[in-house]
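Same order as they appear, the protein sequences are chains A and B. Under my numbering, think of the first position of the first sequence as 1142, with each following residue one higher. Under my numbering, think of the first position of the second sequence as 297, with each following residue one higher.
In case anyone wonders, no lab produced these hints; they're calculated from the structure. One thing to keep in mind: the hints can contain errors.
[Said to hold, decoys possible] Per label pair, the in silico range of CB-to-CB distance:
#1 A/1168 / B/376: 36 to 44 Å
#2 B/334 / A/1250: 38 to 46 Å
#3 A/1347 / B/356: 33 to 41 Å
[Unchecked claim] Keeping only pairs whose Cα atoms sit at most 27 Å apart, straight-line, the calculated DSSO-like set for lysine-lysine is:
#4 B/326 / B/360
#5 A/1296 / B/326
#6 B/360 / A/1297
Predicted model only: the values in this text are computed from it and were never measured. By construction, the Cβ of each residue, glycine as well, lies at the ideal position given by its N, Cα and C atoms.
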Amino acid sequence: MKYIDEFQDPGLARRLLDDIHATVTRPWALMEVCGGQTHTIIRHGIDQLLPDQVELIHGPGCPVCVTPLEVIDKALEIASRPGVIFCSFGDMLRVPGTGRDLFQVRGEGGDVRVVYSPLDALEVARRNPDRQVVFFGIGFETTAPPNAMTVYQAKKHGITNFSLLVSHVRVPPAIEAIMNSPSCRVQAFLAAGHVCSVMGTTEYPELAARYRVPIVVTGFEPLDILEGVRRAVRQLERGEHTVDNAYARAVRPEGNPAALAMLEDVFEVTDRAWRGIGTIPASGWRLSPRYRDFDAEHRFSVTGIDTREPAACRSGEVLQGLIKPHECEAFGKACTPRTPLGATMVSSEGACAAYYLYRRLEIPTAKTAPLEATPVV
Amino acid sequence: MCLAVPGRVIDIGERDGTRMATVDFGGVVKDVCLEYLPDLRVGEYAIVHVGFALQRLDEESALKTLELFAELGMLQEEFGDPWEQAEQFGGVPEPDPTHPEDVPREAAQQ
Ligand code: SF4
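Isolated chain A (complex conformation):
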């Protein structure tokens, strides 16, 4: 176990791994929901340190990846219009729409700006009263409250040249969709810690009971992941299926009440299309009627876009954990971070990007391959 030395606390990592090895008696498949966790796992070769019986399946928790192509195309169209300043987080710049991306739109003269916070986009609107400022509001339950606050502030201060292109998604309905799928192999979930920092854990007991699936709230550091796996495997071996919080330092059961209240005020739950997966009922948010004036889709009528998914891209299957990225034919050939066919290859949380960046280029034949083959940074 060469690479265990690179863990922050190698002694603790070894103890957690030993405990997992000692506990496992049968094969189990665990899904880590969050793309940030996927990157930690691949970067540190955690999947290869685990016993052969424990398989980690990568989940749909990359907000950039699941944003539908149609919404990306709308963003590109709005960003190219004269008089518009289009603000976005940096992750969206290289996400391919049909034929181009935001990076190229800027090259063609579009005023595309990257902001660190949605409040910065509101500031841009304040300073440019004669322009329309649009913010690309994507993301899970961690990003939705900041975006909600920004729209709330815009309304409060009467800033009328600001709007949000909204494509927010929610984790619990995605878990439900995965469990309902006939091809589902997932037996336990490592739930995304930062989503739970906001939402708390109240949505999960019902899911755990209904699908008889352990849900362990897990953080993002290598040791957090090992601890999450350890607790999930322990429940599976005992035949339990409860919600367990392994990230208590950042997650309280009630979440963040102020953020939840703001979400409730500004957004309403809606069905959402997930790129490569399809529409999941009640899986997203849109602006509630009181804030509809700030909806970019209402403000800019964007029609007649010919949205075309690249046929070769299998990111839908990757996002549902049905295949691993390097099982896609295009992986590392037609599709690389510089010539991405799907968002999963360019997003900082995308599974295809993780496999490419950390050199998981070949389909492994067995987990017993020498650990030196694992490129850990």
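Once you have looked at the hints, place chain B with the ligand on chain A.
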């Protein structure tokens, strides 16, 4: 984008009726909205995501996380120049995937 970073509050004030703080993320200083953690005080740590403090964090775990993120280049990813990062994906020659030493992003970042 969903990965939040812990930071330490160094100053608290108000901007347009909104509670804001100056927060230090291992050397990078940013404005952060405190509306979701209104009772956070100077000297305390919080998990910050896209400019919003979302949950308190104890000092020990905050420092450990920051150290790890710095080591892994993730602070650079979060606070570095996004156009430059996007360009690294778009403008340089294709790496040869058969060459293990041709590690695209890591090499370019250091
Ligand atoms: S490797 Fe590229 S083409 Fe294949 S699933 Fe991933 S993003 Fe799509």
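Hint-by-hint comparison with the structure:
1. A/1168 / B/376: 36 to 44 Å: holds, 41 Å
2. B/334 / A/1250: 38 to 46 Å: holds, 43 Å
3. A/1347 / B/356: 33 to 41 Å: holds, 34 Å
4. B/326 / B/360: Holds, because 20 Å separates the two Cα atoms, which is no more than 27 Å.
5. A/1296 / B/326: holds, 24 Å
6. B/360 / A/1297: violated, 39 Å
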